[in-house]
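When the sequence shown is numbered by this note's numbering, its final residue is 275 and no position is left out of the sequence of numbers.
Bear in mind the hints are in silico, worked out from the structure with no lab data behind them. Possibly wrong hints are sitting among the right ones.
[As the list claims (entries may be wrong)] Derived PhoX-like pairs: lysine-lysine, alpha-carbon spacing no greater than 20 angstroms straight-line:
| no. | residue 1 | residue 2 |
| --- | --- | --- |
| 1 | K109 | K161 |
| 2 | K117 | K161 |
| 3 | K164 | K186 |
| 4 | K179 | K251 |
| 5 | K179 | K255 |
| 6 | K150 | K179 |
| 7 | K135 | K16 |
| 8 | K70 | K16 |
| 9 | K135 | K117 |
| 10 | K241 | K255 |
| 11 | K164 | K135 |
| 12 | K13 | K150 |
| 13 | K186 | K151 |
| 14 | K179 | K249 |
| 15 | K13 | K85 |
| 16 | K179 | K151 |
| 17 | K150 | K186 |
| 18 | K85 | K67 |
[Claimed, not checked] Quick list of the computed label-pair ranges, beta carbon to beta carbon:
| no. | residue 1 | residue 2 | range |
| --- | --- | --- | --- |
| 19 | V252 | E20 | 41 to 51 angstroms |
| 20 | H254 | L46 | 14 to 24 angstroms |
| 21 | G157 | D256 | 45 to 55 angstroms |
| 22 | G29 | Y193 | 40 to 50 angstroms |
Glycine included, every Cβ here is placed at the ideal spot set by N, Cα and C.
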Amino acid sequence: MKIPKDVEELIEEIYNNGYEAFIVGGCVRDSVIGLVPNDYDITTNANPNEIIDIFKNYKVIETGIKHGTVTIIKNKFEYEITTYRIDGEYKDNRRPDKVEFTSNIKKDLERRDFTINAMAYNSKVGLVDEFEGIRDINKKLIKTVGSPEKRFKEDGLRIIRAVRFSAKLAFEIEKNTMEAIYKNINLISSVSYERIQEEINKILLSDNPEKIYILYDAGIFDVLDLDDIKIEENKLNKIKVSHKDLILRLSIFAYLMGDTYKGK
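Can you build the whole structure from these sequences, using the hints too?
Shown next, in the form of structure tokens:
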């Protein structure tokens, strides 16, 4: 797996100081699939203060130090470095009340949303894939790490993210994960409209925007008090064949919702 030189150097610097580090999450997933990652996240067993000390000669931003995340600026690019952690209880269905740092990479990967995002890699150890992310990539499946209901109750936005990854990668959603989406769609009510809109926009701008029908069919608009909206799945192809412009695709989507409703 090819890693940019700057990222390799950051990982090497952490190793030189007696700790370990990996790239993790979406950058590993995209690299395995053959896509170019938008950014690279690094995870390590060094705690935030140790990370700051290791990179004392760099510009450091204490991005989310409470949750173990520090941002390092290298050659004008930002790299988030996060300590391995175990998440506490999610009482607000959005973020853990507390986090516990751990020295075990496997424990860190266990808290992540989907198997395809729960992989880590460095050139010394190779791929760490405890939850069969490679298998699910080969099967073209979106599947949660562990219980889908538990993962969705931790953060309701993961329901929309499952559909977004399905749309982005042209993957199917695994049976139990799909059932949990329908069963727990009401969790969306605890998510801010801004976070919802951001994910919806990404679905509409994907190669498979028609996947948004899954959310409609599961009842997302009812949860958002937009129960008058009606969508016909076969009409969503009009979005897919349009230019990938957000305003254009949002306009087409809005038109299809209004046009279908008027036709009822």
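Each hint tested on the structure:
1. K109 - K161: holds (17 angstroms)
2. K117 - K161: holds (18 angstroms)
3. K164 - K186: With a Cα-Cα distance of about 18 angstroms, the restraint between K164 and K186 holds, given a limit of 20 angstroms.
4. K179 - K251: holds (12 angstroms)
5. K179 - K255: holds (13 angstroms)
6. K150 - K179: holds (15 angstroms)
7. K135 - K16: holds (15 angstroms)
8. K70 - K16: Given that 20 angstroms is the threshold and the Cα spacing comes to 18 angstroms, the pair holds.
9. K135 - K117: Distance of about 16 angstroms is within 20 angstroms: holds.
10. K241 - K255: With Cα atoms ~23 angstroms apart, K241 and K255 exceed 20 angstroms; violated.
11. K164 - K135: Violated. K164 to K135 sits at ~36 angstroms, over the 20 angstroms cutoff.
12. K13 - K150: Roughly 23 angstroms between the alpha carbons, so the hint for K13 and K150 is violated.
13. K186 - K151: holds (13 angstroms)
14. K179 - K249: holds (17 angstroms)
15. K13 - K85: holds (18 angstroms)
16. K179 - K151: Roughly 11 angstroms between the alpha carbons, so the hint for K179 and K151 holds.
17. K150 - K186: Between K150 and K186 the Cα gap is close to 13 angstroms, so the pair holds against 20 angstroms.
18. K85 - K67: Status holds; Cα separation ~12 angstroms.
19. V252 - E20: 41 to 51 angstroms: holds (44 angstroms)
20. H254 - L46: 14 to 24 angstroms: holds (21 angstroms)
21. G157 - D256: 45 to 55 angstroms: Given range 45 to 55 angstroms: violated, Cβ gap about 38 angstroms.
22. G29 - Y193: 40 to 50 angstroms: holds (48 angstroms)
Going down the numbered hints, you'll see the structure goes against 10, 11, 12, 21, while the others check out.
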